[in-house]
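Protein chains: 2
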Amino acid sequence: MPTVPTAMPKTNRQIRLAARPVGLPDDSSWQLTEEPVGTPGDGEVLVRTLSLSLDPAMRGWMNDARSYIPPVGIGEVMRAAGVGRVVASGDERFAEGAYVSGAVGVQEYAVLRGDDLLPVDLDVAPPARWLGALGMSGMTAYFGLLDVGAPKEGDVVVVSGAAGATGSLVGQIAKLKGCKVISIAGGAEKCRWLVDELGFDAAIDYKSDDLKAALKEHAPKGVDVYFDNVGGEMLDTVLARLARGARVVICGAISQYNATEAVQGPKNYLQLLVARARMEGFVVFDYANRFREAAKELAGWIAEGKLVAREDIVDGGVDAFPATLNKLFGGENTGKLILRLAD
Amino acid sequence: MPTVPTAMPKTNRQIRLAARPVGLPDDSSWQLTEEPVGTPGDGEVLVRTLSLSLDPAMRGWMNDARSYIPPVGIGEVMRAAGVGRVVASGDERFAEGAYVSGAVGVQEYAVLRGDDLLPVDLDVAPPARWLGALGMSGMTAYFGLLDVGAPKEGDVVVVSGAAGATGSLVGQIAKLKGCKVISIAGGAEKCRWLVDELGFDAAIDYKSDDLKAALKEHAPKGVDVYFDNVGGEMLDTVLARLARGARVVICGAISQYNATEAVQGPKNYLQLLVARARMEGFVVFDYANRFREAAKELAGWIAEGKLVAREDIVDGGVDAFPATLNKLFGGENTGKLILRLAD
Numbered sequence: 001m002p003t004v005p006t007a008m009p010k011t012n013r014q015i016r017l018a019a020r021p022v023g024l025p026d027d028s029s030w031q032l033t034e035e036p037v038g039t040p041g042d043g044e045v046l047v048r049t050l051s052l053s054l055d056p057a058m059r060g061w062m063n064d065a066r067s068y069i070p071p072v073g074i075g076e077v078m079r080a081a082g083v084g085r086v087v088a089s090g091d092e093r094f095a096e097g098a099y100v101s102g103a104v105g106v107q108e109y110a111v112l113r114g115d116d117l118l119p120v121d122l123d124v125a126p127p128a129r130w131l132g133a134l135g136m137s138g139m140t141a142y143f144g145l146l147d148v149g150a151p152k153e154g155d156v157v158v159v160s161g162a163a164g165a166t167g168s169l170v171g172q173i174a175k176l177k178g179c180k181v182i183s184i185a186g187g188a189e190k191c192r193w194l195v196d197e198l199g200f201d202a203a204i205d206y207k208s209d210d211l212k213a214a215l216k217e218h219a220p221k222g223v224d225v226y227f228d229n230v231g232g233e234m235l236d237t238v239l240a241r242l243a244r245g246a247r248v249v250i251c252g253a254i255s256q257y258n259a260t261e262a263v264q265g266p267k268n269y270l271q272l273l274v275a276r277a278r279m280e281g282f283v284v285f286d287y288a289n290r291f292r293e294a295a296k297e298l299a300g301w302i303a304e305g306k307l308v309a310r311e312d313i314v315d316g317g318v319d320a321f322p323a324t325l326n327k328l329f330g331g332e333n334t335g336k337l338i339l340r341l342a343d
Numbered sequence: 001m002p003t004v005p006t007a008m009p010k011t012n013r014q015i016r017l018a019a020r021p022v023g024l025p026d027d028s029s030w031q032l033t034e035e036p037v038g039t040p041g042d043g044e045v046l047v048r049t050l051s052l053s054l055d056p057a058m059r060g061w062m063n064d065a066r067s068y069i070p071p072v073g074i075g076e077v078m079r080a081a082g083v084g085r086v087v088a089s090g091d092e093r094f095a096e097g098a099y100v101s102g103a104v105g106v107q108e109y110a111v112l113r114g115d116d117l118l119p120v121d122l123d124v125a126p127p128a129r130w131l132g133a134l135g136m137s138g139m140t141a142y143f144g145l146l147d148v149g150a151p152k153e154g155d156v157v158v159v160s161g162a163a164g165a166t167g168s169l170v171g172q173i174a175k176l177k178g179c180k181v182i183s184i185a186g187g188a189e190k191c192r193w194l195v196d197e198l199g200f201d202a203a204i205d206y207k208s209d210d211l212k213a214a215l216k217e218h219a220p221k222g223v224d225v226y227f228d229n230v231g232g233e234m235l236d237t238v239l240a241r242l243a244r245g246a247r248v249v250i251c252g253a254i255s256q257y258n259a260t261e262a263v264q265g266p267k268n269y270l271q272l273l274v275a276r277a278r279m280e281g282f283v284v285f286d287y288a289n290r291f292r293e294a295a296k297e298l299a300g301w302i303a304e305g306k307l308v309a310r311e312d313i314v315d316g317g318v319d320a321f322p323a324t325l326n327k328l329f330g331g332e333n334t335g336k337l338i339l340r341l342a343d
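Going down the list, the sequences are from chains A and B. The opening residue of the first sequence carries number 1 in the UniProt record's numbering; numbering runs sequentially from there. The opening residue of the second sequence carries number 1 in the UniProt record's numbering; numbering runs sequentially from there.
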C-alpha cells in the first residue's frame with residue numbers, strides 16, 4: 001500500500017493549455033485550474049513540484065503538428081520537466097521525502113509512475129541544475145554537439161542562442177574538446193559573459209553586429225560545426241560560410257517558433273552541396289540510455305571548475321508560468337530558465 | 001614533337017557565355033564564335049569533339065556565385081564534358097585517332113592537357129554512354145546514392161528527376177540493392193517507362209498526381225532515402241514524410257536553377273529534427289579516385305542487362321547547344337541528354 005502522510009495537501013493548482021496560440025502565446029493560451037491533489041496507486045508516486053524547466057521546445061508542443069512527441073491537448077496540463085519531492089509513494093524505490101525528476105507538468109502536485117521518474121541527488125547539485133546542465137539542457141548540448149556535430153580538435157564551432165541553457169553548454173564543451181568557439185547571442189551583456197566568463201573565442205551580438213562580416217573575420221577558413229538553436233536568417237548566414245565537410249546540427253529554431261507565417265526555410269541549403277556538408281536533426285530522448293554517463297561527466301567538469309552552469313531562476317507560483325515562458329522568446333534569459341515554485 | 005596530321009582542320013566554332021542570364025538562358029546569354037583551331041604543345045592534345053554532355057549543373061556554372069567550381073567567365077567558352085577523337089597529339093599516352101573524354105567545352109576542337117583526359121574504350125560503350133551511365137551522370141548516381149544515401153536492403157528510396165540521366169540510374173541501383181523505389185517524374189510517358197522498363201515500384205507524375213497523397217500511399221512507413229535533383233516544393237513534400245534516421249541526398253535543385261527570385265529554402269527542414277534525419281550534399285569529383293571501380297561495376301550491370309542506360313541524343317552543331325540545353329529545364333528529355341556534333 002502507498003504510504004500516505006498524515007497531513008496531505010488538498011489543492012493542486014495547474015496551468016492548462018486553453019487554446020493553440022497563433023504567434024506568441026498570450027493570456028488566451030492558458031487556463032489556471034484547481035483540483036484536488038491526486039492519490040498515488042501502486043507503482044505511483046505523488047510529487048510536490050519544486051522547480052520547473054522552461055524550454056523553447058515547449059512552444060512546439062503547443063502546436064497541433066507532426067513532431068517527435070504528441071502535442072499537448074487542449075485542456076491538458078502543460079507538459080514540463082521538473083524536479084520535485086515525494087509526498088506519498090506507492091513505489092518502494094521512492095520513499096517519502098526523496099527528490100526526483102520527471103515530466104511533472106506545470107502544476108504544484110503530480111501523480112506519476114515510478115518508472116517514469118529519476119532519482120535526484122541534491123548533494124551533487126541543487127534542483128535547478130538537475131533541470132539545466134545535468135538535465136535535458138545538458139544532455140541536449142552533450143549529445144547534440146559530440147554525437148551529431150562530431151567536433152575534432154581545432155575545429156571552428158559556431159553556436160547560436162549561445163547564452164541560453166543549451167548553447168552556453170555547447171560552447172563550453174566545444175572548448176573542452178579543443179575547438180575554436182564563435183558564439184552568437186543578443187546583447188552586449190550576454191556577449192561579455194560568453195567571452196569573459198565562459199572563455200569563448202568570440203561573441204557576435206546579432207542585434208548590433210554585422211553577422212556575415214563578423215563570421216568572415218572570426219572564421220576566415222569557414223565553419224566546421226554549426227550548432228543551431230535559432231534558424232531563420234542566422235542559419236542562412238552561417239550556411240554561406242561552411243567549411244568543407246561541415247556538420248550543421250539542427251537543435252531548434254527559436255526564431256521561427258512564434259512565426260505566424262510558414263517557417264522560413266534555409267534558402268542557402270544548396271551550400272550543403274558546395275561544402276559537401278550535412279545538416280542533421282536529433283532528439284535528445286534517443287540518448288536516454290547514456291544520460292547517466294553524460295551527467296556524470298558534466299557534473300565532474302562543473303566540480304573541477306571547467307564548466308560554468310548558470311541558472312536564471314524566477315520565483316513564483318504556477319500562475320507565473322505564462323510570462324516566464326515568454327522570457328525565452330524575448331531573449332531575456334541567460335543560462336537555464338527555471339520557475340521555482342517551492343524550495 | 002607533337003604529331004600533326006597532314007590535313008589539319010582550320011576553323012573551330014564555339015559557344016561562349018555572352019552574359020549572365022536572369023532566369024532561363026536565352027539568345028542573349030550566348031555568343032557563337034569562330035577561331036582558328038589550336039595547335040597542341042608538348043603534353044597537350046588536340047581533340048575533335050564528338051559528343052557533349054548536357055547537364056543541369058551547367059546552369060549553376062553560368063552564375064557568378066560561390067560554388068564547388070568557379071563560374072564560367074563572360075566571354076569564355078562554355079564549360080562542358082565531352083568525348084572526342086585525338087586529331088593531333090603532344091602526349092605519347094594519346095595517339096592520333098584515340099578516343100578520350102574530358103572538359104572539352106562547347107566547341108568543335110579543343111586543345112587540352114593530356115593529364116586532364118581519360119581514355120575511352122568504344123568497344124565497351126559508345127561515346128554518349130561514356131558521358132552518361134559510365135560518365136559523370138553514372139558516377140553521381142553511384143556515389144551519391146551508395147556513399148551519401150547509404151541505402152540498406154528493404155529501404156524505401158525516393159528519387160526525383162527520376163527519368164533524367166542521374167535519377168534513372170539512382171533508382172535502378174537502388175533496386176539492385178534491394179530497395180523499394182518510388183520515383184517522381186513529369187508526364188505519363190516518363191512514368192510508364194520508369195515502372196515498365198526500369199522496374200521501379202512506383203512512379204508519381206508530379207504534373208498530374210497529388211504528390212503528398214501518393215507518397216503516403218506508396219511509403220506508408222516513411223521514406224528512408226530521398227535523392228533530390230529538384231528542390232522546391234517537392235523537397236518540402238518529401239521532408240514531411242521522412243522515416244526515422246532518413247538520409248536526404250542533395251544532388252541538385254533543377255526547379256530553382258532558373259528562379260529569378262531567391263532560392264526557395266525547404267520550410268519543412270525542421271522535419272530533420274522530428275525524424276532524426278540528415279540532409280547532405282556532395283560533389284562527384286571528390287570520388288575521382290574511385291571512378292574506375294564504379295564505371296567497371298556499372299558497365300558490368302549494363303552488360304548483364306541489369307541496368308538500362310538510355311540516352312537522348314540530339315544531332316547538331318555547336319549552334320544547337322542553347323536550345324538543347326533548355327530541354328533540360330523544360331523536363332523534355334528522358335535519360336542522358338547529349339549533343340552529338342560528329343560520329
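Simulated from the structure, these hints should not be mistaken for lab results. Take these hints with a grain of salt, some might be off.
Derived Cβ-Cβ restraints for the label pairs, each shown as a range [stated by the list, open to error]:
no., chain 1, residue 1, chain 2, residue 2, range
1, A, D64, B, D116, 52 to 60 Å
2, A, G97, B, A150, 50 to 58 Å
3, B, R192, A, T260, 42 to 50 Å
4, B, S208, A, E35, 53 to 61 Å
5, A, D343, B, D286, 57 to 65 Å
6, B, A262, A, D64, 57 to 65 Å
7, A, N258, B, F285, 38 to 46 Å
Keeping only pairs whose Cα atoms sit at most 30 Å apart, straight-line, the calculated DSSO-like set for lysine-lysine is [stated by the list, open to error]:
no., chain 1, residue 1, chain 2, residue 2
8, B, K207, A, K267
9, B, K216, A, K267
10, A, K221, B, K267
11, B, K10, A, K267
Each residue gets a CB set at the ideal place from its N, CA and C atoms; glycine is no exception.
Run the distance test for K221 of chain A versus K267 of chain B: straight-line Cα separation, threshold 30 Å. holds, 28 Å
Distance restraint between K207 of chain B and K267 of chain A, which requires alpha-carbon spacing of 30 Å or less: Answer holds: K207 of chain B to K267 of chain A is near 24 Å, not above 30 Å.
T260 of chain A and R192 of chain B - C-beta distance against the hinted 42 to 50 Å: Since the Cβ atoms of R192 of chain B and T260 of chain A sit about 44 Å apart, the hinted range of 42 to 50 Å holds.
Does the Cβ-Cβ separation between G97 of chain A and A150 of chain B fall within 50 to 58 Å? 51 Å Cβ-Cβ, so the 50 to 58 Å window holds.
Hint check for E35 of chain A and S208 of chain B - Cβ pair distance inside 53 to 61 Å: Roughly 55 Å apart at Cβ, these two residues keep to the hinted range, so it holds.
Is K216 of chain B close enough to K267 of chain A, meaning Cα to Cα at most 30 Å? holds, 26 Å
Falls inside 38 to 46 Å, the C-beta gap from N258 of chain A to F285 of chain B? Since the Cβ atoms of N258 of chain A and F285 of chain B sit about 43 Å apart, the hinted range of 38 to 46 Å holds.
Taking 52 to 60 Å as the hint, is the beta-carbon distance of D64 of chain A and D116 of chain B inside that range? Holds: the Cβ-Cβ distance is about 57 Å, inside 52 to 60 Å.
Has the hinted range 57 to 65 Å been met by the Cβ atoms of A262 of chain B and D64 of chain A? 30 Å Cβ-Cβ, so the 57 to 65 Å window is violated.
Proposed proximity, K267 of chain A with K10 of chain B (alpha carbon, max 30 Å): violated, 48 Å
Given the hint of 57 to 65 Å, is the C-beta distance from D343 of chain A to D286 of chain B inside that range or not? Given range 57 to 65 Å: holds, Cβ gap about 58 Å.
Consistency note: the structure conflicts with the earlier hints numbered 6 and 11.
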